[in-house]
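K.L.:
Those sequence lines, one after another, are chains F and A. Counting in the working numbering, the first sequence runs without a single skipped number right up to 214 at its last residue. Counting in the working numbering, the second sequence runs without a single skipped number right up to 162 at its last residue.
Check each hint, because a few of them may be wrong.
Covered stretches of chain F, going by a simulated chain A footprint (3 or more residues, C-beta under 8 Å) [stated by the list, open to error]: (1) 80 to 88; (2) 142 to 148; (3) 168 to 181; (4) 197 to 211.
Capping the alpha-carbon separation at 25 Å, the derived lysine-lysine pairs in BS3-like fashion look like this [claimed, not checked]: (5) A:K30 - A:K119; (6) F:K103 - A:K123; (7) F:K170 - A:K30; (8) F:K170 - A:K93; (9) A:K93 - A:K123; (10) A:K123 - F:K170; (11) A:K133 - F:K125; (12) F:K104 - F:K208; (13) A:K133 - A:K119.
Just so you know, these hints were derived from the structure itself, not from any lab. These numbers were taken from a predicted model, which means no experiment stands behind them. Glycine included, each C-beta is placed from N, C-alpha and C at the ideal position.
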Amino acid sequence: MPDIDQSQAEGTGAIRKLLWVMAIVAVVLGGLLYLGLEKKGAEKSASTVAALPFGGPFELARADGSVLTDKSLSGRPYAIFFGFTRCPDVCPTTLSRLALWRKKLGADGNKFDIVFVSVDPDRDKPADIGAYTEIFGTPIIAATGTDAQLAQIRKGFGVYVKKVPLDPSKPDGDYTIDHTAGIFLMDARGRLSSIIDHHEAEATALDKLRMLVG
Amino acid sequence: MKSTNIYPLAGIALFALAAPVLAHNFSVGKIAIGHPWTRETAATQTVGGGFLTIRNNGNVSDRLVSATSPSATEVQIHTMSMDGGVMRMRQLKDGIAIPAGQSVELKPGGLHLMFIGLKKPFKQGAKIPATLKFARAGSVQVTFAVQPVGSTAPMEAGHAGH
Numbered sequence: 001m002p003d004i005d006q007s008q009a010e011g012t013g014a015i016r017k018l019l020w021v022m023a024i025v026a027v028v029l030g031g032l033l034y035l036g037l038e039k040k041g042a043e044k045s046a047s048t049v050a051a052l053p054f055g056g057p058f059e060l061a062r063a064d065g066s067v068l069t070d071k072s073l074s075g076r077p078y079a080i081f082f083g084f085t086r087c088p089d090v091c092p093t094t095l096s097r098l099a100l101w102r103k104k105l106g107a108d109g110n111k112f113d114i115v116f117v118s119v120d121p122d123r124d125k126p127a128d129i130g131a132y133t134e135i136f137g138t139p140i141i142a143a144t145g146t147d148a149q150l151a152q153i154r155k156g157f158g159v160y161v162k163k164v165p166l167d168p169s170k171p172d173g174d175y176t177i178d179h180t181a182g183i184f185l186m187d188a189r190g191r192l193s194s195i196i197d198h199h200e201a202e203a204t205a206l207d208k209l210r211m212l213v214g
Numbered sequence: 001m002k003s004t005n006i007y008p009l010a011g012i013a014l015f016a017l018a019a020p021v022l023a024h025n026f027s028v029g030k031i032a033i034g035h036p037w038t039r040e041t042a043a044t045q046t047v048g049g050g051f052l053t054i055r056n057n058g059n060v061s062d063r064l065v066s067a068t069s070p071s072a073t074e075v076q077i078h079t080m081s082m083d084g085g086v087m088r089m090r091q092l093k094d095g096i097a098i099p100a101g102q103s104v105e106l107k108p109g110g111l112h113l114m115f116i117g118l119k120k121p122f123k124q125g126a127k128i129p130a131t132l133k134f135a136r137a138g139s140v141q142v143t144f145a146v147q148p149v150g151s152t153a154p155m156e157a158g159h160a161g162h
């Protein structure tokens with residue numbers, strides 16, 4: 001083995017020292033950062049799956065003609081569902097369930113908004129969706145938008161929407177819309193708290209809503 | 001004790017199961033139809049779903065081929081499925097097979113009739129007339145009870161307004 005000369009040995013010692021210092025600093029900094037993040041997390045986002053804002057930015061037209069944006073919704077948790085009024089089953093089922101769950105949650109039920117977005121702007125005009133959501137007996141924010149506005153919010157939430165002709169031999173005839181049927185639960189800071197699946201058991205759905213407003 | 005408590009529960013369970021069957025029924029040939037129902041609709045809504053149970057008491061399979069109603073421009077037979085969180089609804093052009101000795105349920109989350117082009121909104125407590133046509137048993141007139149929008153199953157006739 002070749003001998004290590006003096007200067008090389010000194011150099012190695014200095015590097016070793018420097019590495020030790022760096023390692024200690026890294027551990028201390030890392031620990032502080034972790035504690036800081038954990039504290040911050042415990043304050044607000046214990047029930048939030050993603051720490052970053054989700055869904056927005058978006059801008060839609062409400063049933064009364066006013067503008068609905070991710071900003072106007074922030075400050076209060078909300079449950080958002082995408083559908084259309086000519087949907088005979090899953091849409092009335094979901095909105096009825098939300099209305100029922102709000103009732104079952106008592107005081108907690110008033111701590112979140114329910115938002116219904118029609119993804120069928122050709123047939124659902126703002127006034128139509130307002131009248132539609134009224135039958136569920138609970139306040140529902142109904143909104144829709146232009147194709148471009150809807151494309152943007154769909155992209156934000158990762159919502160699948162596809163027009164399908166009811167009669168394949170008449171592609172321009174009556175159509176239905178395949179669409180994502182989950183309910184997105186958004187916290188007051190515009191972050192995704194959870195998703196309620198169409199098949200979710202009621203007890204789980206209620207827990208998720210309690211977590212949302214808690 | 002457990003054994004004494006179970007009987008009233010079983011009674012309630014049996015009654016609950018039997019209630020929809022007792023509600024309102026129709027039949028044609030070997031086909032028995034249990035409690036057709038639909039949901040109330042909003043003023044601007046142009047469609048409604050129809051749900052019912054169809055039992056084939058015969059030993060030959062039959063098929064629901066079509067439905068019509070004076071309350072709607074058209075009635076279609078649909079299936080609905082959830083696929084990776086996406087709802088897909090499709091028209092069943094060939095109708096629904098009703099195998100011999102079996103029941104087929106048209107209920108929320110699956111098979112249903114779709115009333116398209118409602119002449120006027122479905123109001124709670126109303127009865128929506130319709131004609132169902134079976135390949136073998138022929139046609140039968142039925143009425144769909146209009147239940148609250150939050151309904152997920154048939155209610156006993158007369159209790160729809162609570």
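K.L.:
Give a verdict on every hint.
P.N.:
Status of the hints after comparison with the structure:
1. 80 to 88: With 4 residues close enough to chain A, the hint holds.
2. 142 to 148: Per the Cβ count (0), the hint is violated.
3. 168 to 181: Coverage by chain A holds for the stretch 168 to 181 of chain F (6 residues, Cβ < 8 Å).
4. 197 to 211: holds (count 3)
5. A:K30 - A:K119: violated, 32 Å
6. F:K103 - A:K123: holds, 23 Å
7. F:K170 - A:K30: violated, 36 Å
8. F:K170 - A:K93: Holds, at about 13 Å.
9. A:K93 - A:K123: Roughly 29 Å between the alpha carbons, so the hint for A:K93 and A:K123 is violated.
10. A:K123 - F:K170: violated, 32 Å
11. A:K133 - F:K125: Not OK: A:K133 and F:K125 at ~36 Å, beyond 25 Å, violated.
12. F:K104 - F:K208: holds, 13 Å
13. A:K133 - A:K119: holds, 21 Å
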